[in-house]
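Novice: Sequences listed follow chains E and Z, in order. Sequence positions in the first sequence follow this note's numbering and run 647 to 942. Sequence positions in the second sequence follow this note's numbering and run 61 to 504.
Everything labelled a hint here was simulated from the structure, so no lab data went into it. Among these hints, one or two may not hold up.
Claimed, not checked - Straight-line Cα separation of at most 25 Å, SDA-like style, residue types lysine to any residue; simulated pairs:
{"no.": "1", "chain 1": "E", "residue 1": "686", "chain 2": "Z", "residue 2": "83"}
{"no.": "2", "chain 1": "Z", "residue 1": "93", "chain 2": "E", "residue 2": "668"}
{"no.": "3", "chain 1": "Z", "residue 1": "159", "chain 2": "E", "residue 2": "807"}
{"no.": "4", "chain 1": "Z", "residue 1": "159", "chain 2": "E", "residue 2": "715"}
Claimed, not checked - Computed from the model, here is a short list of chain Z residues facing chain E with C-beta under 8 Å:
{"no.": "5", "residue": "130"}
{"no.": "6", "residue": "163"}
{"no.": "7", "residue": "164"}
{"no.": "8", "residue": "480"}
Claimed, not checked - Far from chain E, by Cβ distances over 12 Å, these chain Z residues were calculated:
{"no.": "9", "residue": "70"}
{"no.": "10", "residue": "131"}
{"no.": "11", "residue": "165"}
{"no.": "12", "residue": "268"}
{"no.": "13", "residue": "269"}
{"no.": "14", "residue": "365"}
{"no.": "15", "residue": "428"}
Glycine included, each C-beta is placed from N, C-alpha and C at the ideal position.
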Amino acid sequence: MRALKSSGRVKENRADPAPSRLRYRIQRWMLTPGIRFGLKFGVPLCLLTAGGLAFLADEARRDMVISTAQSIRMSIEQRPEFMVNVLAIDGVGSSVAQDVREVVPIDFPISSFDLDLAQIREEIEGLDPVKSADVRIRPGGVLQIDVKERSPALIWRSHEGLALLDETGAHVAELGQRAMHPDLPLIAGEAADLVAEEALQLVAAARPLGDRMRGLVRIGERRWDVVLDRGQRIMLPVKDPVPALERVIVVSEVQDLLERDVAAVDMRLGQRPTVRMTKNAVESWWRIRELNGGGL
Amino acid sequence: MTDLYQSQRAMRQMRRQAMQRGVVAILDIGSSKIACLILRFDGTGRLSEDNSIGSLAGQSGFRVIGAATTRSRGVQFGEIIAMQETERAVRTAVQAAQKMAGVRVDHVIASFSGANPRSYGLDAQIELEGQEVSETEIARVLAACEVPEYGPGREVLHAQPVNFALDNRSGLEDPRGQLGQSLAVDMHMLTVDAATVQNVVRCIQRCDLELAGIASSAYASAYAALVEDEQELGAACIDMGGGSTSISVFMKKHMIYADAVRMGGDHITSDISMGLGIPTANAERIKTFCGGVHATGADDRDMIDIGGDTGDWEHDRRTVSRAELIGIMRPRVEEILEEVRCRLDAAGFEYLPSQQIVLTGGSSQILGLDGLASRVLGQQVRLGRPLRVHGLPQSATGPGFSSAVGLSLFAANPQDEWWDFEMPVDRYPARSLSRAVRWFRDNW
Numbered sequence: 647m648r649a650l651k652s653s654g655r656v657k658e659n660r661a662d663p664a665p666s667r668l669r670y671r672i673q674r675w676m677l678t679p680g681i682r683f684g685l686k687f688g689v690p691l692c693l694l695t696a697g698g699l700a701f702l703a704d705e706a707r708r709d710m711v712i713s714t715a716q717s718i719r720m721s722i723e724q725r726p727e728f729m730v731n732v733l734a735i736d737g738v739g740s741s742v743a744q745d746v747r748e749v750v751p752i753d754f755p756i757s758s759f760d761l762d763l764a765q766i767r768e769e770i771e772g773l774d775p776v777k778s779a780d781v782r783i784r785p786g787g788v789l790q791i792d793v794k795e796r797s798p799a800l801i802w803r804s805h806e807g808l809a810l811l812d813e814t815g816a817h818v819a820e821l822g823q824r825a826m827h828p829d830l831p832l833i834a835g836e837a838a839d840l841v842a843e844e845a846l847q848l849v850a851a852a853r854p855l856g857d858r859m860r861g862l863v864r865i866g867e868r869r870w871d872v873v874l875d876r877g878q879r880i881m882l883p884v885k886d887p888v889p890a891l892e893r894v895i896v897v898s899e900v901q902d903l904l905e906r907d908v909a910a911v912d913m914r915l916g917q918r919p920t921v922r923m924t925k926n927a928v929e930s931w932w933r934i935r936e937l938n939g940g941g942l
Numbered sequence: 061m062t063d064l065y066q067s068q069r070a071m072r073q074m075r076r077q078a079m080q081r082g083v084v085a086i087l088d089i090g091s092s093k094i095a096c097l098i099l100r101f102d103g104t105g106r107l108s109e110d111n112s113i114g115s116l117a118g119q120s121g122f123r124v125i126g127a128a129t130t131r132s133r134g135v136q137f138g139e140i141i142a143m144q145e146t147e148r149a150v151r152t153a154v155q156a157a158q159k160m161a162g163v164r165v166d167h168v169i170a171s172f173s174g175a176n177p178r179s180y181g182l183d184a185q186i187e188l189e190g191q192e193v194s195e196t197e198i199a200r201v202l203a204a205c206e207v208p209e210y211g212p213g214r215e216v217l218h219a220q221p222v223n224f225a226l227d228n229r230s231g232l233e234d235p236r237g238q239l240g241q242s243l244a245v246d247m248h249m250l251t252v253d254a255a256t257v258q259n260v261v262r263c264i265q266r267c268d269l270e271l272a273g274i275a276s277s278a279y280a281s282a283y284a285a286l287v288e289d290e291q292e293l294g295a296a297c298i299d300m301g302g303g304s305t306s307i308s309v310f311m312k313k314h315m316i317y318a319d320a321v322r323m324g325g326d327h328i329t330s331d332i333s334m335g336l337g338i339p340t341a342n343a344e345r346i347k348t349f350c351g352g353v354h355a356t357g358a359d360d361r362d363m364i365d366i367g368g369d370t371g372d373w374e375h376d377r378r379t380v381s382r383a384e385l386i387g388i389m390r391p392r393v394e395e396i397l398e399e400v401r402c403r404l405d406a407a408g409f410e411y412l413p414s415q416q417i418v419l420t421g422g423s424s425q426i427l428g429l430d431g432l433a434s435r436v437l438g439q440q441v442r443l444g445r446p447l448r449v450h451g452l453p454q455s456a457t458g459p460g461f462s463s464a465v466g467l468s469l470f471a472a473n474p475q476d477e478w479w480d481f482e483m484p485v486d487r488y489p490a491r492s493l494s495r496a497v498r499w500f501r502d503n504w
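Chain Z with its partners taken away, still in its complex shape (with noise of 0.2 Å):
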């Protein structure tokens, strides 16, 4: 636990460093493409101190200056399976972007969808020693957590404390400085699996960056497609990517909930490719101009070339209609839905007060994926589109880089986690003195 508490601080310390610098790049590692935002941060435009949002929502403060997007290779699932062909991917994104921004960046935020992810709530007590909450008193009840068994081989990507309470009085965002006896936390903890991450990590040193932060694309993207009310109120935000369909829970403007499931787009055109018995190209070039999943009377009719490089004529001037094309891709998007609600009803969604759902991700421009999604999720379901953020290119707008999107809100307002409270002096190990004198003679 010590440990990746260390390494987060580090990466938020060389976060500080990026701002500091002024640019820093965002990278969103999705299985269908790589993303490259270059921000410029101008140190105006901070979150008010109440917590409420400014004008421009408080995005006033940065400006993306480059923006190049790039077909991912060597990803699947949202998980790195071929270093040598992600590490080229990310060059490409990042040296065009760079090329845009005309300045050289060092710094790069990642976020990446699978990995698994696996959401954990923790709660704690403690009695105050004072009558005052302050800093340490939160740190030592953050500490307080019992942290369950979550098995080897994973690692802790995001702790957050969600609420707070304070005797009998819960829903504080901010307890310090009231006064009370007791001081009890909600704390939301993901997990993923620590091979991929450390591929991720691995991958953006093998391209002369350095990183400052890692996020999940489940909490990115929520970040960026839900509204303000709908953070507050409760709601899932269903990022539909190519390899991996990840899924984020809302509450009261804290994530509570993240799970992804292992299929997207590129599993739909895997089906078209096979159903039709054309290259995956042509099959994702038709499933993205003339896909649906509704079909209608008109869609017996309009035929579709599907073509073919094989050099037979006949084979390479087969058409299927609409309303085929159609049946082949419904009954996927049905499954994808289904797991999606599966999760949803695992996490005890209903109980929400507000049931909003929006779905965002490449995949989620299917036509009538609205309709669909309403059917399966329920009523209120909505397609959502990143927020405006300055200086995006219009290319760069679309619901596919909403993680992107999001994860450079992130950077600009960064939620507070775990490691962002000193850590209570008893809980440091026992050898920190010889690791004091160690630093001691390491240094001088």
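Excised from the complex, chain E in its bound form (with noise of 0.2 Å):
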């Protein structure tokens, strides 16, 4: 019991290997895996937290902070490599370049990372005449828009006047007066711009009419009627326009249907087609038939 009464420890016991229980409990504990992970990374993590937010508390250096990592942001966006100076457009005649040049009001020289590409484009595409558009910054500083036009293929006749409208029926200027295109067909009627496919179609079987053919009318926004000179009418059904139009033309080829004095073709029933002779002809007819038969 010498060692448990003496009060100092013995030189001897110093050399002793065995680790206090404090010291054997820290191992076991820096063994545990969470323990150790928590040091490793938790520890330096709360330090770097804390020392941020000690450093973001006071106003002035938050200030500081953000000016300073304006103006780092500025010089690069200022750099003469980011910098464009010209706007070029290609495709386009010069009214629509002038349109475009309208919407896209930019002072140059501007850096191109103040630029937003998809909106100028979408802005672009907003305008009637585009059909599509592409921007992009070439080398050199150059903002490059390349159009594409749309090419119109219909007149389209309203109560607003003459326009222009592409194959789609998309709108693509007003007109002035139709001897400007002579050549495109022209429709009518209300919301005839919504089936423009079907108008171009339509327009497309009639060429053997030639230029007999006046233009298309949309009649209550659901049929169309070929429009002849002479006063002449095709009226086509609301389904399946195109045969019934080739259906007539067959037979005016056949028989000189068109040629006759006749005011209206209406195939709006297929099975029945009914042709309304002008009140000229339904005279000579009358007359002709008591000429021969006195009556029958």
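Two chains, two frames, a set of hints: combine them into the complex.
Specialist: Structure follows, in structure tokens:
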């Protein structure tokens, strides 16, 4: 019991390799995976976060950090490599190019970081005569806009006047007078632009009629009339107007139907095509019947 | 009996947990050193179904990732006598092993050598209820064993079914699924002093560790030092430790007898120390470097400095001849071996078909011990070293580590013990219903 009673540690005991209970526990703690991970990553992370928060707690320092960041950003953006100086528009005539310049009001030179190309493209494609646009920044500080124009395929006569439509029915431009585009077919009627594709098919089918055709009229926003000169009309059904028109043309070629004094060919009922004659023709037909058969 | 059954089952449960976690520590608490191995289980390489040993002797399932040894303190005759000191030594060993392994271990399988082990042979016979031997029948026959009166203050450390007999066929390893009328079992039960076991348990608890198993080091070192055919045909393993020499007899791969002689290498050292009048450390050193048991003519001329630290030049420059040293050591070694012979005779070792004796443990490294042992114990004596296991450092492959290595083999492939089988329902005490009610109340 001498070792227990003696107050100080005997010198021999200093060489004792046995860990104290505390050191033993600490070592076991440090070998626990969770704690080791926490010490390795959690403590540095906490220290960094705490330091960062302490630094940012002061308003002046916060402003300083923000302004420094902004100035660095500015200095990068303003480098000459990123500046855009010229706007180049390709693929359209001068009037449309002028329109494009109007919708893209950019003060050059400007940093390419400040340009929102997608928005510029959207705005340009919002223009009527533009079918699609391709916006990019070319090396050398050029904002290159390649525009594809809509080509007019139809003339639409409405209450507002004459308008040019492309093959999808989209509005291309106002038209002063019909004579400016004598080659384009004419359509009329409410909402005729919505079915421009069908109109173009009908125009193609009516090509054998030649220059006798004056145009197409949309009736009641549901079916087409083909208007010929001499006031003749071919009234087409709602469904399958193109075969009906082709039928009329074939009959006309064989029987010269449209050369006769006919006011309208009514194809609205497919089983029962009807021909309406002009008043003169009816009267002369009556007279001929009287002459021939005495009323029979 | 039920108490022990429960506590051993709890330990089994703990071991299963440790296996799942994959890391378990092996602690061999000896009188001269405490060894700690840390094993990592990979979950592969179990013993195959027919109980034959597979490749790598079934040890491919684990690997030693940490090993440490420290001088033991507070342990005499394999029993803890100073808890504080032993606890410190255990902490040293566990800490160093953990440091080497780089993982924290929570579960420990421990072994110790002392505590007066005593063997009992038990047997029982029952008539089978059905035709086929099922697991419950085995549990029933095990429960039918008549437990001898082993006295107060003793506890059962191992209780292993050694042999099953079905009708008149004996020597069955595993009678499950076989048909028959009556089933008989022979069981080997090992009891030790309860106080010693409790001290070990307490000591390990004080180190913040959980005990996942406990074994007698006689059993563990035989597991490592005996090769398979020796275990099968019958052999005795004599583990000559520092404070005690433990004996275990194996037959048909089961331990059938274990005992311990409370003498070991420390007694040889103290004989030298007393005989030559030198400090114990010096005595230990010259025993290790110059010791032997056979004197030759040259040994008379071989002078050994025995030293001393009194400061007196004449006293500190004394020398003895090696023959004198051998003259001191030999009677003590002979005494130990004679005592072992007595124990083996008492166990009826000479009736075994094979009389192989394997000497292992730290003291078995004395030069010429095998020659002396064959004179005392019989012709078939060899020195045994532990089996090689994965990752064991070179410094821990000596015979002194056979119980640590055997314990790790035991951890990887535990043998069926009594408590591994479900206790038959009628053996539960009558107050089990009230216990169930209490369990419910405690848990909800």
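Novice: Look at each hint and say if it fits the structure.
Specialist: To see whether the hints hold, each was checked on the structure:
1. E:686 to Z:83: holds, 23 Å
2. Z:93 to E:668: holds, 23 Å
3. Z:159 to E:807: violated, 95 Å
4. Z:159 to E:715: Between residue 159 of chain Z and residue 715 of chain E the Cα gap is close to 48 Å, so the pair fails against 25 Å, i.e. violated.
5. 130: OK, holds: residue 130 of chain Z within 8 Å of chain E, min 7 Å.
6. 163: Since the shortest Cβ distance to chain E is 6 Å, the answer is holds.
7. 164: Holds. Min distance 4 Å.
8. 480: violated, 31 Å
9. 70: holds, 23 Å
10. 131: violated, 9 Å
11. 165: Violated, since 9 Å does not exceed 12 Å.
12. 268: violated, 7 Å
13. 269: violated, 9 Å
14. 365: Holds: least Cβ distance 24 Å, greater than 12 Å.
15. 428: Holds, since 34 Å exceeds 12 Å.
Hint violations for this structure: numbers 3, 4, 8, 10, 11, 12, 13, all remaining hints satisfied.
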